[in-house]
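Enquirer: Below, each chain spelled out in residue letters.
Protein chains: 4
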Amino acid sequence: MVIVTKPDATSAQIDAIVKRIEGVGLEAQISTGEQRTVIGVIGDKTLLGDIPMESMSGVEKTMAITAPYKLACRQFRADPTVIAVNGTKIGGRKLAVMAGPCAVESTEQIVTIAQQVKKAGAEFIRGGAFKPRTGPYSFQGFGEEALKMLVAAKQETGLGIVTEVMTPNEVELVGEHTDIFQLGTRNMTNFYLLREVGRSKKPVILKRGMSATFEEWLLAAEYILSEGNPDVILCERGIRTFETHTRNTLDLNAVPVIHHLSHLPIVVDPSHGTGIRGLVSDMTKASVAAGADGLLLEVHHDPDNSMTGDGAQSLFPDQFQKLMQELKPIAIAVGREI
Amino acid sequence: MVIVTKPDATSAQIDAIVKRIEGVGLEAQISTGEQRTVIGVIGDKTLLGDIPMESMSGVEKTMAITAPYKLACRQFRADPTVIAVNGTKIGGRKLAVMAGPCAVESTEQIVTIAQQVKKAGAEFIRGGAFKPRTGPYSFQGFGEEALKMLVAAKQETGLGIVTEVMTPNEVELVGEHTDIFQLGTRNMTNFYLLREVGRSKKPVILKRGMSATFEEWLLAAEYILSEGNPDVILCERGIRTFETHTRNTLDLNAVPVIHHLSHLPIVVDPSHGTGIRGLVSDMTKASVAAGADGLLLEVHHDPDNSMTGDGAQSLFPDQFQKLMQELKPIAIAVGREI
Amino acid sequence: MVIVTKPDATSAQIDAIVKRIEGVGLEAQISTGEQRTVIGVIGDKTLLGDIPMESMSGVEKTMAITAPYKLACRQFRADPTVIAVNGTKIGGRKLAVMAGPCAVESTEQIVTIAQQVKKAGAEFIRGGAFKPRTGPYSFQGFGEEALKMLVAAKQETGLGIVTEVMTPNEVELVGEHTDIFQLGTRNMTNFYLLREVGRSKKPVILKRGMSATFEEWLLAAEYILSEGNPDVILCERGIRTFETHTRNTLDLNAVPVIHHLSHLPIVVDPSHGTGIRGLVSDMTKASVAAGADGLLLEVHHDPDNSMTGDGAQSLFPDQFQKLMQELKPIAIAVGREI
Amino acid sequence: MVIVTKPDATSAQIDAIVKRIEGVGLEAQISTGEQRTVIGVIGDKTLLGDIPMESMSGVEKTMAITAPYKLACRQFRADPTVIAVNGTKIGGRKLAVMAGPCAVESTEQIVTIAQQVKKAGAEFIRGGAFKPRTGPYSFQGFGEEALKMLVAAKQETGLGIVTEVMTPNEVELVGEHTDIFQLGTRNMTNFYLLREVGRSKKPVILKRGMSATFEEWLLAAEYILSEGNPDVILCERGIRTFETHTRNTLDLNAVPVIHHLSHLPIVVDPSHGTGIRGLVSDMTKASVAAGADGLLLEVHHDPDNSMTGDGAQSLFPDQFQKLMQELKPIAIAVGREI
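Taken in order, these protein sequences are the chains called A, B, C and D. Be aware that the first sequence starts at 11, since it is given in our numbering, and climbs by one per residue. Be aware that the second sequence starts at 11, since it is given in our numbering, and climbs by one per residue. Be aware that the third sequence starts at 11, since it is given in our numbering, and climbs by one per residue. Be aware that the fourth sequence starts at 11, since it is given in our numbering, and climbs by one per residue.
Looking at chain A on its own, in the form it has when it is part of the complex (with noise of 0.2 Å):
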């Protein structure tokens, strides 16, 4: 951490910062220039716990040095975690595919669409029994009936199960179902949920904050790595940008931030990043030649019909498997196969 003082700071106020530092075993490096001076925290910055520097008095500004994520930094794990589930891998040279209607409508949607999405290479059935929605009085999901719906199919197909929890006395409800934890994006920040998950022993797909910085995303993640459970997998799923003509602004920066910065993988939701159907296999391309370790995808065989609005950024069926074909060579470009 480094410290700047204000330009007016008393030598008694920059005493007292670094009797502050001194006073938890870490070194004060003093540089006094013109106007201000510069107080480097050297050794293990964590002995000053809670101690909040900016709030003392004489102090203009303080600069972290090192990341506040440990668990989830690439320091932490030299190598790329890679988490086993339902029989496959996600992190690994193959990419996941997890496909699926916004909500499950009914047995008979989410079968058949799992099994088209099967057919055309995924791994994963997705679907939202419990649905965060903007107002109170939009269809919030079949909830439990859903659920179940979700497990028939797995039944029926063998693919896992991918289906969003969204408070902490839920956590085991869902847990009994599905394969992987979904937490949205507007639970990002919901601290006692990320808690909950990182005690359960599932993976968890931690969807990006809709206005949230790299740094917060991986805090995010922390929160639940620090509970116990190693398996967080980062989806980027666009941000909001003043751009009103597409939903969000898929940000493909992500991926190779996240795997510069991190070692947990990330996985890529074009369908909500775009909002429109038409750009989907676009960015989902880019998504793999940006190095995404997986896809989240929306398909519905009867978007006409489908129960959310989100029908308007769902592929349907044919789309899906012409798309799983065009992503072969560039995955194989990159490195990965799918």
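These are computed hints drawn from the structure, not numbers from a lab.
Identical copies go unnamed one by one, so any copy, or any two together, can satisfy a pair.
Derived EDC-like pairs (lysine to aspartate or glutamate); straight-line CA-CA distance at most 16 Å:
| id | residue 1 | residue 2 |
| --- | --- | --- |
| 1 | Lys-29 | Asp-314 |
| 2 | Lys-158 | Asp-189 |
| 3 | Lys-211 | Glu-180 |
| 4 | Lys-71 | Asp-314 |
| 5 | Lys-211 | Glu-237 |
| 6 | Lys-80 | Glu-44 |
| 7 | Lys-55 | Glu-44 |
| 8 | Lys-16 | Asp-314 |
| 9 | Lys-99 | Asp-189 |
| 10 | Lys-71 | Glu-253 |
| 11 | Lys-212 | Glu-186 |
Given the structure of chain A, go ahead and fit chains B, C and D onto it with the hints provided.
Expert: Using the frame of chain A, we list chains B, C and D on its own:
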């Protein structure tokens, strides 16, 4: 609702859209332009329920005409909502002033500050017992112990209590001690928590999500209102922008806009809205001039030794007292008192 | 400046960095942490000139300690800049009020409005002769004709003229008619234009770029100052945020922040800052309470027939007159007059 | 266009709106809802010209149905625009690769780099002669001298020249040397400059404004097109977001969206789009997979001694050569070649 079709929409697609509208008893008014057809939906839009017109084939975009929040809407209630709590009123002529430290750190601390802010004219003591923190290793508040310290401060001073609740499971516990629930910016889309405080009988301060639009904010309020709790107080606390000099960008437009869109009271938190002690007084004056119904202010008698970094934005008690005096003529100038 | 090296920086790379610093006569103070080396640069940083340390091998990031704008900086001048123009002063105790239509549409229009705003207490008539428009097919202003209409309004009323200049080639022409140049939000980074008005003798209102940080804004001012023109007036006119209900988001934090960082006066434009007539009065009051040195307000006697969409944000003359009265006690409360 | 009235709009106001629409020969279709009236404008909207309906009394909002850019619009031209320049084509099957340093620093530097990038397969040498810089004290380029150095590099290698022009007055000078004009992100709304290059005969690369929407970008292109120059190449170079880890956020959604909205070619600049050398290769691959028509890449053989901070994002020549090889199978996979 207005539905705009794609330039290449077929007449079969347009027929299907009209059929769906008429199928629920609404009227479809069709305007055929040169390139596109525009379909107006006339009647009580709630009859459309969850049917997502934007997913239908041939639809390019839909545009809402009426607000999706009903109970929070100005049209629902002509008069401003006035909330009676702990012998005072929020939303009336007199501004509600809520002041105190970021976190409750000890009985001595909170009682001392409560006495000081009461003397200066505040009617509520605020302080965090449960603290949402970006990372898992930061001080998360003293929890139930801190709730008891707040009660001690109330007993000593008579001030009402404002404190945050972070998860549905703790609504009962926090509700036993506090007068007003606070929901933080990171929980504006924690829909289970919104519903749970909606089922309580206590007023709720709902902070704006840090990248939320006004509509999303009012929809979050709608979650609380729709469960039967009419006592929602909105709180502008700064939004995230590109600016890094300040912690957040206090958005005072929110005050007249919310008064225009809704009957709910709105208070302003200039401490979080700026993050810098030296800016708080000016922005508090601006908040009152803009028409705010109340203020949330951080006050700490010893920020050098506070347990969170928010000390940097806390006023000293004497600054707070001076500010309260300076606010008086401004309040009067806009037809209020303090 | 503080330079932070990458964890894998070699000692040869660190030596090269130190050598470059010392090569221009500066001192390098090295703090060796566990993972990274932090190098403080002590001395007059301008000696480093354009040498971009952040490009050097082994550098992870650099952090500025002092502001990159020198002449605009509070440290450069202890007293606030006060600008004398057309018999009045901007930046002193009395607020400067500049009012008028978005565009100059006819002599009759601009003279009528000038008379009305003068009666209400304004000291400057504002109106666009050259209009920046997002698309090429919109009304772009009457140009030189409109400048003459402004002069007619000045002759009639004695009000000073504020009008926009858009390109270096027109600085001379506009300067022959106007008292104050206005540079619009889309031209904040038109560096040739900044330099050209910097070489003129007339005061310049520099509107904030719609997504500019405070530092970028002050650097734009520095372009003007560095050419020898000390009379720069900053103007907050709203920034772009995710909110679509308002045209822009008026950022009143700018007022105390700029007063803290710089000696230059800052005025506020609540008309563009909100885009909605019904919000202008409340936000103007808030601007004054926040400490603004002046106001830019759109006033139009016949917005139904205005030639730009900005009529929607124009006050009617009687609204403007009422507002001017209501501002008085607020101005007094913050130690100003109007 | 659809016009939505306020809930309290009077019938006189609605009549005035209809009268204005019909007055220019358009048809007004009125849908009367329970709270608001919706008025559809049928016919050639350009007949409305500059009449700003949104300024009229009683109007709450207006919504465009057709795009405000006409010449840039996909509907205007069914086939993609292909631009022939210096013996190559931009917008066709073969990707256009433009590479070189941020700034032209010497004849030796630019010739060396030109030879290297040509060997690797680039068809254009890029380099700044006139450099837009945030502050006045930074290196602003060698100007005309640098243009001559670029010509020397062209003579040596046959590569076409891409270089920036910053102000209308220099369009002629730059045009004498360059093959393609580049307009930078800070000049996307420099409307006089747009018009001036619109009157030239050379192709123009128009970089996206750093916070511009797609519509604003295409309207800027429309300025150029409307002056008679059909050869506009859009360039995505990253937008500003909250993320500070990267310099900008490369927005690859731009590629399929622009292909959907417009017939103009779009190239991508992953160097500015990320600002970090280690991210450039992955994001270049993603750009090609997304369907980009070309690439702008910074390449520098000695970034440690470059004269701008952009050295940190420059590829070394051998990295560039390797990347060009790796792009081949991806280009083929999406039906292109490189």
